[in-house]
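Position chain B against the provided structure of chain A, taking the given hints into account.
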Amino acid sequence: MENISLAADNIFTFGPLHIQNAVLGSFFVSLILILLAVLSVRRMGIVPTRLQVAFELLVDYMMSQLENAFGDRKKAEKFFPLMMTLLLFILIANQFSVIPLVSDIVAGETSIFAVPTAHLSLTIAMALAMVIMANILALRISPLRYIGTFVTLGPLLAARKPAEIADGLVKFLLGLLNVISELAKVFSLSFRLFGNVFAGEVMVAVIAGLSVYTHYFVPVPFVVLSIFSGLIQAFVFVLLSVQYIAGSIASVQEDPETA
Amino acid sequence: MDIEAARLLAAGLCMGLGAIGPGVGEGIIAARAMEAIGRNPQVTGKIIPNMIVSMAITESTGIYSLVITLIILFAL
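These protein sequence lines map, in sequence, to chains A and B. FYI, in the working numbering the residues of the first sequence are 184 to 442. FYI, in the working numbering the residues of the second sequence are 20 to 95.
The set of hints was computed from the structure by calculation and includes no laboratory data. Because the structure is a prediction, the values reported are computed rather than measured. Ideal Cβ positions, reconstructed from N, Cα and C, are used throughout, including at glycine. There may be inaccurate statements among the hints.
Claimed, not checked - Below are the BS3-like pairs computed for lysine-lysine, each with C-alpha atoms no more than 30 Å apart in a straight line: (1) Lys-65/B - Lys-258/A; (2) Lys-344/A - Lys-354/A; (3) Lys-65/B - Lys-261/A; (4) Lys-65/B - Lys-344/A.
As the list claims (entries may be wrong) - Computed far set for chain B versus chain A, every beta-carbon distance over 10 Å: (5) Asp-21; (6) Gly-42; (7) Ile-47.
Okay, chain A solo, but in the shape it has when bound (with noise of 0.2 Å):
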C-alpha cells in the first residue's frame, strides 16, 4: 500500500517558505484553468465551439443559482466572479488525480504535483475566507444590527414582567450560540470538501493495494465514484458559501422577521 500521508510533503523551501506538493498542484490547477479559459475564447462567435457551450452552461446555471440566493440580478453580478473562479477552481482540483501521468512526476520519492483539495490547509483557507467575507459584508451593511443578531439584548431590555425576563434571556442565549454556529461553518464546509476528496484518493489507493489481482480493473468503479462524489462536492462548497452569505446579508437588511 502506497503510504498516505495528510500533511503535504515538501518540494523545496524557498527563505522561509515552504513549497509543498499540494502548493504546486494548485499552480498546476490555475494553469489549466488559464490554459481553458484562453482555448474557450480564441474562436467565440455566435456559432459557439464545444468547449464555448461548456462554460455558457456552467456560467448560466451559476447566475441562475445566485439570482435565486440574492434575489436580485446586480447583486448576484457582484458575487458572480468570485463564485465562479471557487467553482472552476475546486471542479478542476478534485479531477486532479484523473488527469493522466501528471502524479507521475516524482522528486526523489514523492510526486510533485498533489491534488490540492485533499489536503486540509486549502480548504480551511478557502472556508475561512468566504465566512469571513459573509461577516464583514453585513457588518459592513449595519454594524449594529448584526451584533444584534449574536448579542440580542432587546427582548431582555424590553421585558417588564419576570416571564419576559426570563424569555429575553433564553433569547439572549440563543443569540449567543450563533458565534458557535459561525465557528460550525467553516469546519463544515472545509471538512466536508476535504473529507470527501481524500476519501476517494484513499479508497482508491486501499482497494487496489489490497492484492495482485485487484491492482488494475477493480478500482476503476470507485475512481468513477469520487469523480462523481468531486463533482458534487465542489457545487455544494460553492453553493453554500452562497447560502451564507445570501444569509448574512438579508439578515441585516430591513425588517429582520426572525428574532
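Relative to the frame of chain A, chain B by itself:
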C-alpha cells in the same frame, strides 16, 4: 490493550458508528424524493439536484467521522 490495537479499534468504531446517522438520513431524503417524483413526474429535473445537494449536506456528519478516522489512522 496494546496502543496500536486500541487505535485501530477506535478508527473502526468511529467510522462504523458515524455512518449510521447519514445512512438513515440519506435514506429518508431519497425516499421522500422518490415519493415526490412519483406524485409529480414533471418536476424530476428540479428535485434531483436538490436531492443530491441535501444528501451531500446530510452526509457531512459521516464525513466528520471519516476525517476523525483518517486522523487516527494516518496522523497520530
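| query | Is the hinted pair Lys-65/B and Lys-258/A satisfied, with a Cα-Cα distance of at most 30 Å? | reply | Measuring from Cα to Cα gives roughly 24 Å; hence the hint holds.
| query | Given the hint that Lys-344/A pairs with Lys-354/A, does the C-alpha gap stay at or below 30 Å? | reply | Given that 30 Å is the threshold and the Cα spacing comes to 15 Å, the pair holds.
| query | Is the Cβ of Asp-21/B more than 10 Å away from each Cβ in chain A? | reply | It holds; Asp-21/B is separated from chain A by about 21 Å at its closest Cβ, greater than 10 Å.
| said: Would the hint linking Lys-65/B and Lys-344/A be met if the CA-CA limit is 30 Å? | reply: violated, 49 Å
| Is it correct that the beta-carbon of Ile-47/B has no partner in chain A closer than or equal to 10 Å? | Ile-47/B is indeed farther than 10 Å from all Cβ atoms of chain A, at 19 Å.
| Far enough from chain A: is every CB of that chain over 10 Å from the CB of Gly-42/B? | holds, 15 Å
| message | Run the distance test for Lys-65/B versus Lys-261/A: straight-line Cα separation, threshold 30 Å. | response | Distance ~26 Å between Lys-65/B and Lys-261/A Cα, so the pair holds.
Hint 4 from the list above is the single one not met by this structure.
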